[in-house]
Amino acid sequence: MTVDYIVKRLGMLLVVIISAISINFIIPRLMPGDPVQQKMDQMVAMGGTVGDVQGMVQEYRKKFGLDKPVWKQFISYWGDLLRGDLGYSLNNYPQRVSSVITGALPWTAGLLITAILITFVLGILMGAVLGWPTAPRGLRGVVPVFLVLHAVPYFLLGIILLFLFAVSVRVFPGGGGYSFGTALQLSLGSIADVLKHAALPALSIVLAGVGGWALGMRGMMISVLGEDYINLAEAKGLKQRRIFLWYGVRNTMLPATTSLAMSLGHVVTGAVLVEMIFAYPGIGHQLYRAIHAKDYTVIQGIIVVLVVWLAVTLFIMDLIYPLIDRRITYRRR
Amino acid sequence: MATMYRDRAHRALRFARLNMLLVSGLAVIVAVVLVGYVGSAIINQDDARVGAFDPGLRPSRDHLLGTDRQARDVLAVLILSIPNTVKIGLLAGAVGLGIGVVLGLAAGYFGGLVDLVIRTVADVVFTIPGIAIMIIVATNIRTMSVEMMALIVASLAWMYPTRAIRAQTLSLRERLYVEVARLNGESGMELVVKQMLPNLLPYIAAGFVASVSGAILATIGLEALGLGPQGEFTLGMMIYWARFYGAILRGMWWWWSPPIAVIVVIFIGLLLASAGLDRIANPRLQRTK
Amino acid sequence: MSPDVLQVKELRVRYDTYSGVVNAVEGVSFSVRAGEKLGLVGESGCGKSSTVLALLRMIKPPGRIVAGQVLLDGVDLLRLSDEEIRLARFAAISLIPQGAMNSLNPVMRIREQIVDTMRAHNGGKSRAELDSRVRELLQWVGLSDWVANMFPHELSGGMKQRVCIAMAISLKPKVVIADEPTSALDVVVQRRVMHTLERVQQELGASVILSGHDMGLMAQFVDRLGVMYAGRLVEMGPTEAIFEDPLHPYARLLIDTLPSLDRKGDFKGIPGVAPSLLNLPAGCAFQPRCPHAVERCSVDEPAWQEARPGRWVACHLWAEGRR
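Residue numbers (the working numbering), protein chains in the order written: chain A, 3 to 335; chain B, 181 to 469; chain C, 1335 to 1657.
Okay, chain A solo, but in the shape it has when bound (with noise of 0.2 Å):
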């Protein structure tokens, strides 16, 4: 791994990270109306109003500092930013933004790098079983249905799974992280109870999720089984678990790993929507609760935390690929 290459990769970071955080910043300038008095008018309009609005109001203004030039604004938001301090919560004065975040976060977290893994390891294996010449017929009746779930956006699986495992049949709760009015805590009943609420909303992201992996491994494997160094592992009287495993699979990492970075977006995107669906208490259920009540800064802050999140995981499997492949950074794009 050279140098250039951390360095090059660093400044992509830097570069995404950035523009996304001014992208942020502007946009909602760039829009006709004032966001705050927008949403004092709609709690006036709703009348009776939770907090202390006045002071909120105040705190705003000084906050953002609405009155000055705009490029002021810019530097006050980035120095707040790099401090950590995303502001208050427009809806739930004097609650920060933060304290929102930190709370959902582990959530999130949790729930998408389970559910990930699970897709990523199940997928690869099952498309690459499908593209061996010798797969069982069984198992290639399985296409089709691949091609279905895949064909369904995650939270839309999330639906119907919602619909069958807790409204037909009631095997799993129909909502939120854990069962209401208990404490969390560290006891095996309570981490049944997280586990039996997370079961659902981790199925829909796998099951939508596994089909495209399986197609997609499945096209890479049959592409990597018609390569020359695959006939010469046969002709050399490997056994065909070896060739599957060492020679087959293991060169389909790669690709597998760069559409991986490439869907992250996608499965983000996903999880949020999923985390709707159930209630699901992490990042993605606070920016709909977000959405609905018009807390703009609330949405500015999950934004940049999703932005930056999935920047420094792209930029750690891009130091991640030259383990996986040599040649990569010998390779130029």
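Just so you know, the hints here were simulated from the structure itself, not pulled from any lab data.
Keep in mind that a hint or two might mislead.
[What the hints assert, rightly or not] Cross-link-like lysine-lysine pairs, in silico, PhoX-like; alpha carbons within 20 Å at most:
| id | chain 1 | residue 1 | chain 2 | residue 2 |
| --- | --- | --- | --- | --- |
| 1 | C | LYS1459 | C | LYS1343 |
| 2 | C | LYS1459 | C | LYS1506 |
| 3 | A | LYS241 | C | LYS1459 |
| 4 | C | LYS1394 | A | LYS241 |
Use these hints to put chains B and C onto chain A, whose structure you have.
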């Protein structure tokens, strides 16, 4: 050697199969579109008005798909929703593709700095979760319309076509006949239009299908989050309202399942079509040797 | 004369394609003697690759071996079980592949790939034994020890080809098949690879079957030569004899296309194009391009016969005693 014959055989086989893929994909899409447009002309639009019937009726002979909690006929709403969703998809796909073709051609043809800038921008936008930007834009728009929706979604549907067209333009540029045309003194623009565009057609078609399906997916996501055109009928808004009124937990399957079914059918059609086009565009067995 | 190690009898390979049935190898018979270098020469698509791959039973669908025998020391390889043929591959009959550039697994070190070959056949050896054998093999093909630690992309084409040779001899097989081993290499590297192949035959006593389209290369290297056309052997005999006095018009044309000292730069191509195996002419497959074709050539397919001791040919002209 024998591989030559094997290749030819594979090509013939693939052609049969890809035609089937493309044809069946297009057939599915055309069928859905027909149901939407013809149906919209036939049904009584008043059936889709709030309070037209009793709310929450199960499917029956009068209401094949029942009524929702706003007392609208679900079938009527469904049929009226299809043209709008299709419209958003096509419009966004076309805009996204247009941007993609121009940027891709420019990057591939001019190379150098132009290429570097376009490629970097595309890479950056690729890395940003599209929904994030769309949410920011959509939350700041006062009243959302179908056309506005299409434009927002289109702003993130151009990267795939840009990349694909750029790569193809690059490889076309290397090929001989473009060289020959250049020697014949054709200017840059002439070259692009006369020599390159026709050869890029399969990629452009594949890019269009990809941006349409990306656009529809994004649209439905945004709508489900509640950022869609509130007063319009679209498939995504149907799902949003169904969820808003708790149709899923109340077991009103006839409300939320029809739009999901139609969306899935549309996506399967698009998937088949793009698989078919892909095989025309990238005959993979064109291996060297 | 040494005994035959390998006998190929009436081998037929067919590809069932959607555009039709392709008979890539049509009734090919020949034998290989112990320690002999045999060449199979012909244009692209003549079936020589299919023939040599069939010896290892490496024909992939939609192709299959429909008939024939491949007798290695009297055992028919085509009748072995899958596990038996797996064990025979490389241990009894090995392959130096056509595309050496892409024949090594890009994500495995060279050492592992050579070890893989040995492990698949006699698993009992210790790591140290295997490692020292790898060193020995690399040395034998003229590569340094450090090559074992390299990945394929770090080696040149010639080096990769030699790694392939090292693998091919790692189990001391009786027959080594080289399927156009030098087609992607430049002339200097070609010579070195051919020299290594020469040593395979001399020092290890293995028989070598070399397939290729380069008559010149064949002339320098092989003891006996088989000329293939449209899936059939049309002539076979000692290389020198064929070059001095080719019996089949196609063999003559192939030899005439070679540049020689007295005919510098005077290339005569073979008129016409190689036939499509999907649509072969009636009678002799070569008849449309043959300068000496007579009426009978477009009716009957000529038989494969021993025209002179040790010299086989399939041509009506020869059978009728005219040339």
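For this session: Identify every previously stated hint that the structure contradicts and give their numbers, smallest first.
Result: 1
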